[in-house]
Amino acid sequence: MTRLAGRIGRFAWEIALPIVVLSYWWLATADGDNPFFPPASRVLEAFWSNWFDERFVSDFLPSMARLGASYLLAVGIGVGAGLLLRLWRPLGEIVEPLISFLRSIPSAALLPFAVLLFGIGTNMQVFLITFVCVWPILLNTMDGVADTDPTMLDTARAFRIGHRRRLTRVVLMAAAPRIASGMRVSLSVAVVVMLISEMFASTNGIGYVTIQAQRTFAFADMWSGILMLGLLGYLLNLLFVRAERLVLSWYYASKGR
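The opening residue of the sequence shown carries number 1 in UniProt numbering; numbering runs sequentially from there.
No lab work stands behind these hints, which were simulated from the structure alone.
Mixed in with the good hints, there may be bad ones.
[Claimed, not checked] With a straight-line cut-off of 25 Å between C-alpha atoms, the simulated SDA-like cross-links for lysine to any residue are: (1) Lys255 with Ala176; (2) Lys255 with Gly162; (3) Lys255 with Leu116; (4) Lys255 with Gln212; (5) Lys255 with Ala146.
[Said to hold, decoys possible] Listed next, with one range per pair, are the computed distances between beta-carbon atoms: (6) Thr155 with Arg89: 18 to 24 Å; (7) Ala158 with Trp250: 21 to 27 Å; (8) Thr203 with Val21: 19 to 25 Å; (9) Ser23 with Leu116: 45 to 51 Å; (10) Ile161 with Gly68: 34 to 40 Å; (11) Trp250 with Phe101: 34 to 40 Å; (12) Asp154 with Leu22: 53 to 59 Å; (13) Val247 with Thr155: 19 to 25 Å; (14) Phe200 with Pro150: 23 to 29 Å; (15) Pro150 with Val247: 39 to 45 Å.
By construction, the Cβ of each residue, glycine as well, lies at the ideal position given by its N, Cα and C atoms.
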């Protein structure tokens, strides 16, 4: 009962601040005539009209499809390459300087190259998001595999556990918390890179709608796009944390959390 009351209390505090901020925003802009900061009622009206009606299919769903496809590709490449580079040490030592160089390139600097290589469209955006998001997952996978307790591996060998089961039941389980941390960072990065790619090299999407609204002085639509991006980032992070705690319940239970 005490644990449930604590959760309810934390949830109340989590929603209290957004409610206070929204209330202040509503009151502060109710009678405002500043075109750059339209009343909250107009922004919320544009938000509903854009993202739950006319632009849901044409712009929201394409953004989600790009984000989802890119993120899944980044997870697959990052985890697979991280395992390979740590389990095959000589290859990891050769490739590590190249990884350090490539991950240091800012995503915005890659945009002209991506447009030149793929043109303006979904392929370019998927490439760009995947390229930027793969590094946190790759590096965390490598570190997680490297930190696997040698005693656990020796015990598995002593009990004649096969290579495949050692990989899935020992190495991956030991590295899973670090991999999850990298995936969480990459999810936030994916939203940012999706926005950049859609603002400057796209014909649809949330970022495209937001930048076009700013260029045409449709400030209510612009703020509705910003609001959607904020909510999207928050909800994706919330869903990821819930899924992580479910999948890694054994890890959090061992930590008493």
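Structure-based check of each hint:
no. : hint                           : result
1   : Lys255 with Ala176             : holds, 14 Å
2   : Lys255 with Gly162             : violated, 29 Å
3   : Lys255 with Leu116             : violated, 49 Å
4   : Lys255 with Gln212             : violated, 48 Å
5   : Lys255 with Ala146             : holds, 21 Å
6   : Thr155 with Arg89: 18 to 24 Å  : holds, 21 Å
7   : Ala158 with Trp250: 21 to 27 Å : holds, 23 Å
8   : Thr203 with Val21: 19 to 25 Å  : violated, 34 Å
9   : Ser23 with Leu116: 45 to 51 Å  : holds, 48 Å
10  : Ile161 with Gly68: 34 to 40 Å  : holds, 35 Å
11  : Trp250 with Phe101: 34 to 40 Å : holds, 37 Å
12  : Asp154 with Leu22: 53 to 59 Å  : holds, 56 Å
13  : Val247 with Thr155: 19 to 25 Å : holds, 24 Å
14  : Phe200 with Pro150: 23 to 29 Å : violated, 48 Å
15  : Pro150 with Val247: 39 to 45 Å : violated, 25 Å
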